[in-house]
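There are 2 protein chains.
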Amino acid sequence: MSAGRFATVVLPLAALALLGAAPKPDGSEQAVQKIVASPGFKAAVADLDRTHDRMVADIVTLTEIPAPPFKEAAKGRAVMAMMKAEGLADVEMDPEGNVMGLRRGTGPAGGKLVAFAAHQDTVFPEGTVTKVRREGTRLYAPGVGDDTRSLAVMLAYIRALDAAKIQTRSDILFVADVGEEGPGDLRGMRYLFGKGKYKDRIQAFFSMDGLNPAGITYAAVGSRRYRVSFHGPGGHSYGAFGIVNPMAAMAHAVDELYEVKVPAHPKTTYSASVVSGGVSVNSIPADVTLEVDMRSESAEELAKLDARFLAILKDAEAHENAARSTGVGKITVTPKLIGERPTGSTSPEAPIVRTVAAAARAAGYTPQLDASSTDANIPISLGIPAVTIGSGGGGGRAHSLDEWIDVAKPESLRGMTVGLAALLATAGV
Amino acid sequence: MSAGRFATVVLPLAALALLGAAPKPDGSEQAVQKIVASPGFKAAVADLDRTHDRMVADIVTLTEIPAPPFKEAAKGRAVMAMMKAEGLADVEMDPEGNVMGLRRGTGPAGGKLVAFAAHQDTVFPEGTVTKVRREGTRLYAPGVGDDTRSLAVMLAYIRALDAAKIQTRSDILFVADVGEEGPGDLRGMRYLFGKGKYKDRIQAFFSMDGLNPAGITYAAVGSRRYRVSFHGPGGHSYGAFGIVNPMAAMAHAVDELYEVKVPAHPKTTYSASVVSGGVSVNSIPADVTLEVDMRSESAEELAKLDARFLAILKDAEAHENAARSTGVGKITVTPKLIGERPTGSTSPEAPIVRTVAAAARAAGYTPQLDASSTDANIPISLGIPAVTIGSGGGGGRAHSLDEWIDVAKPESLRGMTVGLAALLATAGV
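Taken in order, these protein sequences are the chains called A and B.
Residue numbers for the first sequence follow my numbering, so the first one is 1 and each next one is one higher.
Residue numbers for the second sequence follow my numbering, so the first one is 1 and each next one is one higher.
Certain hints may be false.
Which copy is meant is left open, so a pair is good if it fits within one copy or across any two.
Computed cross-link-like contacts, BS3-like style, restricted to lysine-lysine with a CA-CA straight-line distance of at most 27 Å [what the hints assert, rightly or not]:
hint, residue 1, residue 2
1, 267, 330
2, 195, 304
3, 261, 330
4, 314, 261
5, 336, 34
6, 71, 267
7, 84, 199
Hints listed in this document are in silico derivations from the structure and should not be mistaken for laboratory results.
Looking at chain A on its own, in the form it has when it is part of the complex:
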């Protein structure tokens, strides 16, 4: 997941309802209740229960195949083989690297469909050890929860639907997509909705990302990301002392950025995330590179922060060129936009939101609406009903090397029922 679905604005649905007129019933609640009471759904859940160990084994297998941004292919091939093994039709890897398989419904071939996605990529760079360490019901590994558990849960759904012989009205497109994290900049989703062969058929979209089964991401947090190059002449640390240093310009910019006040609501954030530069301790560096991430629930606040940041860069450049000698060269500061995600929102009263909320309640959870930056940003920006939901189970420390999940069956299984019920209610049975 891209935006901390665990820690953003959270509104219980009831509170949302209190903000305005209570939403009119639209049948979502009843449809979900009918589904979860059905023998077919119960049979599917029984299969999830029976094959839970298999699902956990799939998490381990897939986690241990590294999938850094732009290097998802090995994991993609493994998922493709698993989708085929589950009997999915038309399994393929698209030119961007998304792996997809279609589960036909009873409707006409080539009609509208529901897409259900989990992402292959992790935030972790090449070389990160992704070996899973198990302690009791806990699995520790980078990427184990974000988003490998979701991939395994998706495979378990395919298996359970077949075991329970459930036929949906719409086709369901299961997608293991690429490019969700940072530098990927939602490239998988951009392809799926911009160029992919199913692009005009998707009428509803679920991203399963992260764990919280009560969380419903209905709003897309927008982001702008920059890679900033600070360049100067460089030289000997002693012999050339007194010349401008791109490191000092970078430091000045970051120091100023961290003085910027942003609103808590709409939530707006920034992060100086990655830095590198210099070749040896006895050389003034010629190049320093900084990566910065800025996000907001509000397009207006994001634009404001973006403008402020660009002004800070100009100021840092001018400051360094004034502070030290430019006799052998000046500092230049060049920001390059490396990521831009649209801001937007599925209506909190849209059927897809109500359906997930009903499914969460049916499993005993109190649904919570949140805003985040996820694969759903792309369909949301296109006006396609889309939400991001969780795969269940406990866990923590996503995006850190000590990431972990808890696969203790009762809670894991209960969480898994939410996505399945919401998917079936949306696809129709």
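With the hints as your guide, set chain B onto chain A.
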């Protein structure tokens, strides 16, 4: 060379003399004049002339054996074989990696000796292509001038002394040492003067480093180098926004450091040289590492700067822990000293300095005194008369991938006579 012998304080000897009373003559001038006029010296120079192509071939051979810091062994073995081939006695590699051979004088065995050194290591990391490209009289390759030419010149001296049948009074210890550049932190010299078998016998020391035959490094620029670890909890750029960021602490420290005013005389410098940290644009980093180099001609100024820098680090740590939430962890800033070179000076009136000056003048150069950070720092700090001199010839861009030297014979040879005359005058003939 470690400290830009090309670009530090340069005082013509005449100017130095003007600063106080003219130094009393001590016989250095006459001794050098007598040597350069002697048939033996002329025969040696004739040999340097005759075997100049061989010296150039040695430069190429040795440059093309990479010698990154701590990885000098292959080059060391090649130099050892060449020293043996030149008939030097007691050729050996010491446990640190220095390669040495003794040329016996007429004095008693085991008595005082003169050491003459050039360093094996280059600043270039493993994997750097060191293939020499020749264009006319120019040789291009990383490390070709710093300090490989000096190694070849040292071998040529050994050959010429034998060809001219010159006997010195003192033994001469020829040393191809390790660890002169950055991270090596003068480890070769520390061993030679701290533990080596000749450590109590060295009464005078020459380092031949770089090209300028008129330059005499008599003062040791001291340095302190730190690798600073900025550590924090890390987390999701959006979800965990508001927590402390080690990048912000690093930036605050660098920004403050670059406000520090240091004296131009005694020359005192700092450089924030290398930085790295962060794993992905959408994560608040857990670790940022910064390397800083500080130098001064004055031990007192260096200590002052060092204390100021350490205070800045403490301040940056406190500032960041106060500016943002420490709920999931605090910022810790941990400096590690990775380099420390002593400050000091051989008296500009010491015989060894006057001798080199006289040898430079005898070759038609105007001697220039400078301060730098070189292998001579170690003997200087121990009170042993020591200077660093150049090997002659033209060149430029030391410490860069486009380093080059010009081996056009007339100028190359003229430069080589300076070191030979100074060595003979110091060892006595």
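>> Tell me the hint numbers this structure goes against, listed in increasing order.
In response: Violated hints (numbers, rising): 2, 5, 6; every other hint is consistent with the structure.
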